[in-house]
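Visitor: Sequence:
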Amino acid sequence: MLDENGSSYQGAHAEHAEWLGHWVQTRFDEEVFDRLLTAQGVPFPLRHLMKTFVGERVVSVDEDGNVVVMSKKIGFDLIKKMWSKLIVGGEPSKMEVLGYCVEASVAWEEGGAMLVISTVTSSKGGLFGSAWSVTTRAEHHLVDGELVCSADSGDGAYRAWFTRQPEPHRAFG
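Reminder that position 30 of the sequence shown reads as 30 in our numbering, one-by-one numbering, no gaps.
Don't take each hint at face value.
Claimed, not checked - Using C-beta positions, here's what the derived DEER-type ranges look like:
no., residue 1, residue 2, range
1, G145, G99, 31 to 41 Å
2, T26, M114, 17 to 27 Å
3, K85, M114, 31 to 41 Å
Simulated from the structure, these hints should not be mistaken for laboratory data.
In this text, a Cβ means the ideal position worked out from N, Cα and C, and glycines have one as well.
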């Protein structure tokens with residue numbers, strides 16, 4: 001079944017139908033983001049790369065009826081597109097990127113009115129500096145037709161706004 005935006009969903013997840021689709025970042029709090037990365041010791045070249053990144057989220061229902069959130073991984077739109085796939089309420093996903101270990105999970109909160117992605121990113125002294133670890137809580141709300149993400153790493157928070165793409169998303173590998 002397709003909704004009016006061309007996204008598929010099943011009756012069991014009809015309450016989340018407005019979340020489904022391909023969302024692309026249109027703007028973010030760039031100065032706040034840069035200050036947070038600087039405070040965390042992220043070197044300028046990597047900060048610059050991270051600020052040029054355009055975030056994307058795809059929210060869908062898989063063949064088993066699970067709500068799935070796919071996120072484009074930061075920095076890789078300049079090299080190649082890499083996506084993480086998280087099942088809402090499922091096991092955490094783990095991956096390594098440029099010497100950093102990333103573990104993420106996703107869950108509904110506020111009775112399904114907020115989607116939260118929790119991420120722990122750590123480095124054991126990777127390509128860009130000494131060892132560190134950062135836990136980020138990214139709260140997603142739907143506000144006036146946009147997906148608004150407020151990400152808080154403990155050192156402060158920044159926001160990013162996403163708009164749903166009018167055409168159905170394609171399968172991602």
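Visitor: Now tell me, hint by hint, if it's right for this structure.
Guide: Here's how the hints hold up against the structure:
no., hint, result
1, G145 with G99: 31 to 41 Å, "holds, 38 Å"
2, T26 with M114: 17 to 27 Å, "holds, 20 Å"
3, K85 with M114: 31 to 41 Å, "violated, 20 Å"
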